[in-house]
Amino acid sequence: MIHPARRTLVALAALVFMGVGASAYATQSADTAWDDSMPYAVEDFPPGLQVLSWNMCGPQRATWNCQGTGTPEDKVGVITGQVAVNRVEAALLQEVCEDDLALLMNRLGTDWNKTFAPYQWSQDGKKTNSRCGEDTGRADRIGTAIVVKGQISDAKTYPLTQPTTGLHSPFQCATATASNTRLCSVHASRRGVNPDHPDWDYRDDQLAEIKAVVNAHPRVVFGGDFNALPPHDPNNTTAWVWPAGLYANTAGAPGYEECDQNNATGTIRPTHASGAKIDYIFSSLPKNWCTVTTTPHSDHRVLIESVKTG
5 MIHPARRTLV ALAALVFMGV GASAYATQSA DTAWDDSMPY AVEDFPPGLQ VLSWNMCGPQ
65 RATWNCQGTG TPEDKVGVIT GQVAVNRVEA ALLQEVCEDD LALLMNRLGT DWNKTFAPYQ
125 WSQDGKKTNS RCGEDTGRAD RIGTAIVVKG QISDAKTYPL TQPTTGLHSP FQCATATASN
185 TRLCSVHASR RGVNPDHPDW DYRDDQLAEI KAVVNAHPRV VFGGDFNALP PHDPNNTTAW
245 VWPAGLYANT AGAPGYEECD QNNATGTIRP THASGAKIDY IFSSLPKNWC TVTTTPHSDH
305 RVLIESVKTG
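To convert a position in the sequence shown, counted from 1, into the numbering used here, add 4.
It is worth saying that the hints were derived from the structure and are not from the lab. Idealized CB from N, CA, C, for every residue including glycine. Where hints are given, some of them may not hold.
Cβ pair distances, simulated, as ranges [what the hints assert, rightly or not]:
no., residue 1, residue 2, range
1, Gly-196, Asn-133, 17 to 23 Å
2, Pro-258, Thr-75, 40 to 46 Å
3, Gly-249, Ser-126, 28 to 34 Å
4, Gly-113, Gly-141, 26 to 32 Å
5, Gly-249, Thr-271, 30 to 36 Å
6, Asn-133, Ala-255, 39 to 45 Å
7, His-236, Ala-216, 20 to 26 Å
8, Asn-240, Asn-184, 20 to 26 Å
9, Asp-115, Pro-202, 42 to 48 Å
10, Pro-238, Thr-132, 24 to 30 Å
11, Ala-248, Gly-72, 22 to 28 Å
Taking lysine to aspartate or glutamate and the EDC-like style, the derived pairs with C-alpha atoms no more than 16 Å apart in a straight line are [unchecked claim]:
no., residue 1, residue 2
12, Lys-118, Asp-103
13, Lys-118, Asp-128
14, Lys-153, Asp-115
15, Lys-130, Asp-200
16, Lys-160, Asp-115
17, Lys-118, Asp-158
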């Protein structure tokens, strides 16, 4: 059910979690843009694991198109707010700066653990770690992360097909030991990632390789920025990048159900400022619910899926 005062309670709960005073209320209430489609009040939550996926647009670099999306405190506040209100217990993050990740872990507390993998720039096969800063003085790395309330085990970065010249995006997984659920953070390469061969597309190989990894785990949640429209989207001219058996487009089809899909109508909400759906959460576990939340602190929306782990 939706409580009439839910929006106010959401904002207040987020503030309490972050330890900020009433003077910050107006900013938090306006900026977070919480999604009132979440059907449960805190006391009504069904048992399960709530997994958040978000491309944070963390780098202060014009070349990453993340200017004007807020401070590290703003971005960390989006996550801690969702932890406080929607009982998020795991986060799959992309484009997160390493110092901002440290700030997040400090806010979350000692019950939480993380694993981090950096983006790398390859120049004719010679790789260097990507930095968060450009002319801002920041030298910390940027990467993807998996953040979990409780212990994690078997954290691993898996090799994917990557351009000889261009940005290498990591694919990593770790197991949340409390629920024995494998969690994986995805950031597939965009088309044109190789400046020497802008017409080359690596997503088909990468998604097939990701599918092979997640298929090995009977209890898995994997999500992130796939840089690809849904295969059934009529505007998708590169639907061939999706391997058979990954995206279960209809009920009962082989593959994984996506967090926000509606098998009756095929409709899905956009996740990017362009109006496109390119961010996903897939799971082998039954779904309780899914939300898509707009925030001004990234060009990507926040996805949260609650899955049944019992």
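Results of checking the hints against the structure:
no., hint, result
1, Gly-196 x Asn-133: 17 to 23 Å, "holds, 22 Å"
2, Pro-258 x Thr-75: 40 to 46 Å, "holds, 44 Å"
3, Gly-249 x Ser-126: 28 to 34 Å, "holds, 30 Å"
4, Gly-113 x Gly-141: 26 to 32 Å, "holds, 29 Å"
5, Gly-249 x Thr-271: 30 to 36 Å, "violated, 22 Å"
6, Asn-133 x Ala-255: 39 to 45 Å, "holds, 43 Å"
7, His-236 x Ala-216: 20 to 26 Å, "holds, 23 Å"
8, Asn-240 x Asn-184: 20 to 26 Å, "violated, 35 Å"
9, Asp-115 x Pro-202: 42 to 48 Å, "holds, 45 Å"
10, Pro-238 x Thr-132: 24 to 30 Å, "violated, 40 Å"
11, Ala-248 x Gly-72: 22 to 28 Å, "violated, 40 Å"
12, Lys-118 x Asp-103, "holds, 13 Å"
13, Lys-118 x Asp-128, "violated, 31 Å"
14, Lys-153 x Asp-115, "holds, 6 Å"
15, Lys-130 x Asp-200, "holds, 15 Å"
16, Lys-160 x Asp-115, "violated, 21 Å"
17, Lys-118 x Asp-158, "holds, 12 Å"
In summary, the structure is inconsistent with hints 5, 8, 10, 11, 13 and 16 from the numbered list given earlier, while agreeing with the others.
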